[in-house]
Amino acid sequence: MSWSREQCEILIQENQKHPCLYATKSVLYKNRHARQHALEKIEAVLKEVRPSVTINEIKTKFGGLKTNFLNEYKKWNVSRRSGAGDNDDDDSLYKPTIWYFKVMFFLLEHCKVRLAVDSLTEDVETEQEDTERDSQSSEVQEYVVGEDGVLHDAGDENVQSPDMSFQVASPSSSNGFYQPKPKKRKLRQEPVEENLIREASNTLASINQAMKTNQGKNEEDEALAKFIVCKLNQITNEDIRLEVEQEIVECLYRSIKKSRM
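Read in the UniProt record's numbering, the sequence shown has 58 at position 58, and its numbers run on one by one without any break.
In case anyone wonders, no lab produced these hints; they're calculated from the structure.
Fair warning: this is a prediction, and the values are worked out from it, not measured in the lab.
A hint or two may mislead.
To be verified - Straight-line C-alpha distance at most 20 Å; calculated SDA-like pairs for lysine to any residue:
1. K41 with L28
2. K102 with Y29
3. K95 with R81
4. K75 with E57
5. K95 with N68
6. K95 with T24
7. K41 with Y29
8. K30 with P19
9. K102 with S79
10. K75 with F101
11. K102 with Q16
12. K17 with L93
13. K61 with I98
14. K17 with C111
15. K95 with W76
16. K30 with N237
17. K74 with K95
18. K30 with L232
19. K75 with H110
20. K74 with L108
21. K61 with R35
22. K95 with N77
The whole structure should be built from the sequences, with the hints applied where relevant.
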C-alpha cells in the first residue's frame with residue numbers, strides 16, 4: 001500500500017527528532033541499539049496512521065525520500081549556482097518536483113552534494129546505505145582453489161580442488177529511486193573486487209601448497225584462521241563485519257552438512 005502525504009509528513013518529522021538515524025557525525029550514528037530504539041519509537045507513532053507499518057518499511061521509505069530530496073537539491077543548486085536565478089520566483093530557476101523539498105533541508109548539514117558527478121555522496125556511510133544493506137539480499141558466487149593453486153569458479157567441472165572453497169558476495173542491484181550510472185559504478189568497484197579476489201587466490205594457493213607438502217593439520221588451520229581474521233580486521237564497519245561473519249558461519253555449516261551426507 002502506497003504512503004499518503006500525511007504518513008510521509010509524520011515519517012519525516014519523526015526521523016528529524018532522532019539525529020542518530022541521519023547525522024553521520026553523531027556519536028550515536030554507529031550505535032545499533034540507539035538506532036533500533038529510535039526506529040521503534042517512530043514505528044509506534046506511525047502505527048496510529050499506518051497500522052501495518054514495520055521498521056524495515058520505515059527505513060526503506062525514508063531512504064527513498066532522502067534520495068529523492070538530495071537528487072532534487074543537486075539539480076536545484078546547480079541551477080542556482082549557474083546564475084539561472086537568485087530567488088525561488090525566478091522562472092529560469094529549476095523547480096523541485098517533490099512537495100517535501102524544503103521540509104528535508106535539515107539533512108543538508110550532514111550531507112555533501114557533489115556537483116561535478118552524477119551521484120550523491122556523504123562524508124561517511126549514509127542511512128540509505130544501511131537501508132539497502134538491511135533490505136536487499138546479496139548474490140553469492142563460490143570459488144575453489146584448484147590443484148594448480150589458482151582460483152577457479154566452483155561451477156567449472158574441469159577443476160579439481162582439495163575441498164577448499166570460499167564465497168564472494170557482491171551487492172545486488174538497487175531497486176531504489178536513484179542508481180549511479182553503471183560505468184561509474186564499474187570504475188569504482190572493479191579494482192577493489194579484483195584486488196580482493198587476487199589476494200584471496202594468492203593466500204589460498206599458499207595454504208594449498210602447504211597442504212601438499214604434508215605440513216601438520218594445525219599449521220594449515222592456523223594459516224587459514226589468520227587469513228580470515230586479518231581480512232575481518234580490515235572491515236571497519238561493524239554491520240558489514242557482522243554480515244561477513246554470518247556468511248562464513250553459514251558456509252561452514254553447509255560444508256559440514258554436505259560432508260555428513
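Each hint, compared with the structure:
1. K41 with L28: Holds, at about 16 Å.
2. K102 with Y29: violated, 24 Å
3. K95 with R81: holds, 14 Å
4. K75 with E57: Not OK: K75 and E57 at ~27 Å, beyond 20 Å, violated.
5. K95 with N68: Holds, because 14 Å separates the two Cα atoms, which is no more than 20 Å.
6. K95 with T24: violated, 28 Å
7. K41 with Y29: Holds. K41 to Y29 sits at ~16 Å (cutoff 20 Å).
8. K30 with P19: Answer holds: K30 to P19 is near 11 Å, not above 20 Å.
9. K102 with S79: holds, 16 Å
10. K75 with F101: At roughly 12 Å apart (the allowed maximum being 20 Å), F101 and K75 satisfy the hint.
11. K102 with Q16: holds, 13 Å
12. K17 with L93: violated, 31 Å
13. K61 with I98: Within the cut-off at roughly 15 Å; holds.
14. K17 with C111: Roughly 17 Å between the alpha carbons, so the hint for K17 and C111 holds.
15. K95 with W76: holds, 7 Å
16. K30 with N237: Given pair K30, N237 holds - Cα atoms ~9 Å apart, limit 20 Å.
17. K74 with K95: holds, 12 Å
18. K30 with L232: It holds: about 18 Å lies between the C-alpha atoms, which stays within 20 Å.
19. K75 with H110: holds, 18 Å
20. K74 with L108: At roughly 11 Å apart (the allowed maximum being 20 Å), L108 and K74 satisfy the hint.
21. K61 with R35: Holds, at roughly 16 Å.
22. K95 with N77: holds, 10 Å
Of the numbered hints given earlier, the model fails hints 2, 4, 6 and 12; all others are met.
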